[in-house]
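K.L.:
Kindly generate the complete structure, drawing on both the sequences and the hints.
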Amino acid sequence: MRDEEIDQLLQHTERATAGVENSNEAPIDEGVLLAYRANRLSEAEAEAVERRLVRDPEARALLRELSQDVSQSEVDSVVRVLPTNVISLASRRRRVVTLTVATLAAAAGLTVILSLRTTPQAGYLLEVEGGTSATRGDVRPALVLTAENRLLVRLRAERATTEPRVMGVFVEGEQGQLLALSPEVAQHAGSFEATLTRANLGLAPGPQRLWLLVAEDPAVLRAVVGRPQRAVAGDGLAWHGLDLEVRSE
Amino acid sequence: MKALLGSDEAGTLALIDRVSRSEPAAVRTLTERLLPVVRARVRRLLARRPDLAQLDANDVVQHVFLRLLENGASQLKKWSPERGATLEGYVGMVSEREAGNVGQKVASRERFEAQEGDVEAPSVEPSPESRVVERDTANRLTAFLSAELPPKGQLVLKCLYADGLDADETARMLGVNRQVVYNWQHRIRVLARQFLPAAVG
Numbered sequence: 022m023r024d025e026e027i028d029q030l031l032q033h034t035e036r037a038t039a040g041v042e043n044s045n046e047a048p049i050d051e052g053v054l055l056a057y058r059a060n061r062l063s064e065a066e067a068e069a070v071e072r073r074l075v076r077d078p079e080a081r082a083l084l085r086e087l088s089q090d091v092s093q094s095e096v097d098s099v100v101r102v103l104p105t106n107v108i109s110l111a112s113r114r115r116r117v118v119t120l121t122v123a124t125l126a127a128a129a130g131l132t133v134i135l136s137l138r139t140t141p142q143a144g145y146l147l148e149v150e151g152g153t154s155a156t157r158g159d160v161r162p163a164l165v166l167t168a169e170n171r172l173l174v175r176l177r178a179e180r181a182t183t184e185p186r187v188m189g190v191f192v193e194g195e196q197g198q199l200l201a202l203s204p205e206v207a208q209h210a211g212s213f214e215a216t217l218t219r220a221n222l223g224l225a226p227g228p229q230r231l232w233l234l235v236a237e238d239p240a241v242l243r244a245v246v247g248r249p250q251r252a253v254a255g256d257g258l259a260w261h262g263l264d265l266e267v268r269s270e
Numbered sequence: 365m366k367a368l369l370g371s372d373e374a375g376t377l378a379l380i381d382r383v384s385r386s387e388p389a390a391v392r393t394l395t396e397r398l399l400p401v402v403r404a405r406v407r408r409l410l411a412r413r414p415d416l417a418q419l420d421a422n423d424v425v426q427h428v429f430l431r432l433l434e435n436g437a438s439q440l441k442k443w444s445p446e447r448g449a450t451l452e453g454y455v456g457m458v459s460e461r462e463a464g465n466v467g468q469k470v471a472s473r474e475r476f477e478a479q480e481g482d483v484e485a486p487s488v489e490p491s492p493e494s495r496v497v498e499r500d501t502a503n504r505l506t507a508f509l510s511a512e513l514p515p516k517g518q519l520v521l522k523c524l525y526a527d528g529l530d531a532d533e534t535a536r537m538l539g540v541n542r543q544v545v546y547n548w549q550h551r552i553r554v555l556a557r558q559f560l561p562a563a564v565g
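Those protein sequence lines, which keep their order, are chains A and B.
Numbering follows my numbering, in which position 232 of the first sequence is assigned residue number 253; successive positions increment by one, without gaps.
Numbering follows my numbering, in which position 109 of the second sequence is assigned residue number 473; successive positions increment by one, without gaps.
Just so you know, the hints here were simulated from the structure itself, not pulled from any lab data.
We put the beta carbon where it would ideally sit given N, CA and C, even for glycine.
Careful: at least some of the hints might be erroneous.
What the hints assert, rightly or not - To spell it out: a stretch of chain B is covered by chain A in this simulated footprint if at least three of its residues, at any positions, have a beta carbon under 8 Å from a beta carbon of chain A; those stretches are: (1) 374-380; (2) 422-428; (3) 447-461.
P.N.:
Right, here's the structure in full:
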């Protein structure tokens with residue numbers, strides 16, 4: 022008999038004798054199944070697990086589910102909906118930041134340089150290079166992003182540091198919730214530079230409110246996604262806001 | 365499974381303690397560790413219970429995590445390694461219970477309708493193919509393979525021929541190389557070939 026015929030015979034045999042399997046046992050311990058799969062059990066323990074799996078189709082189904090990969094996006098989707106009493110957005114040692122915004126005057130078509138000074142404790146200077154226009158004397162200078170230009174957004178550390186830090190870039194959604202963006206971000210000695218283009222931001226035309234956040238723990242950046250910025254602004258996080266107008270031309 | 369339970373329980377308890385203090389990194393680490401368990405239990409429950417089919421597995425998973433982590437992770441802190449279950453096993457039981465609670469309201473009406481209406485029972489008629497192999501022959505072949513194969517081989521047999529998994533799926537499930545599965549499959553086929561002449565004769 023060919024392999025295919027033997028396989029067919031075995032399938033029919035398994036179906037015909039399926040009734041003898043017993044799935045009425047108490048659920049098997051997932052930790053034991055995971056340890057079996059990771060080859061962390063002794064030979065005798067592994068054999069006991071295998072005997073259980075042979076006679077228990079539900080245990081096999083459970084092991085099959087346990088063997089499915091878990092993506093980071095799945096983890097994110099769970100973590101970001103946990104309320105603030107489950108995830109503290111800021112550890113005690115994070116420093117409170119107060120933004121003092123410098124005024125700005127710039128003419129249309131010129132490169133814009135913004136300087137938003139933070140407190141010495143925060144130690145970050147926000148610079149934006151690029152854009153095509155800005156409002157005069159406003160605490161929120163409007164920057165324009167078209168298909169033709171790009172913005173270089175820098176958070177410059179006033180003192181170089183080797184402490185682990187990450188920067189997140191967010192946009193406020195229609196309901197004011199923070200949505201994570203994925204521009205190119207370069208980091209050096211605690212300073213960050215993000216290159217914003219219409220293509221890599223994927224934003225719709227119109228006014229957009231961007232937020233930059235520096236944290237010591239990437240989990241903090243993930244934890245704020247989906248929340249209104251004002252709801253997470255008072256937790257000692259170093260937020261830097263930026264108004265942007267995205268144009269379709 | 366004492367060795368398994370004792371290997372890292374101190375670290376696990378320390379992790380739970382950090383989670384109870386809402387440390388973001390600890391919450392994420394624990395979520396990464398337990399998500400496969402919660403997801404697996406929820407999916408299995410929804411698969412077994414047609415009355416819960418309308419529930420979204422992701423929503424139920426999030427509900428379970430909320431229950432596990434709220435109030436200073438009080439539910440998680442009830443886990444005690446001395447009781448014999450691993451953390452994963454304990455969380456699996458909690459997941460089953462919480463997922464059942466989520467579905468209780470939704471399911472009650474459907475359960476009532478199912479009792480009142482026609483229930484589509486699974487067919488008990490053997491498929492045409494299964495008639496090819498007489499039950500007696502099938503039983504003897506099963507007994508023969510059970511006697512000849514060690515547990516690992518029997519498990520591969522079940523995965524491939526009872527559950528309909530392919531070699532890759534079986535290998536991933538058992539945490540082995542695909543070639544290991546192929547080797548077992550070859551041995552199973554050889555044994556089946558040995559059995560057939562005797563059965564016919």
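K.L.:
Decide, hint by hint, whether the structure agrees.
P.N.:
Results for each hint:
no.: 1; hint: 374-380; in the structure: violated (count 0)
no.: 2; hint: 422-428; in the structure: holds (count 3)
no.: 3; hint: 447-461; in the structure: holds (count 9)
Hint check: a violation occurs at hint 1 only; the rest are consistent with the structure.
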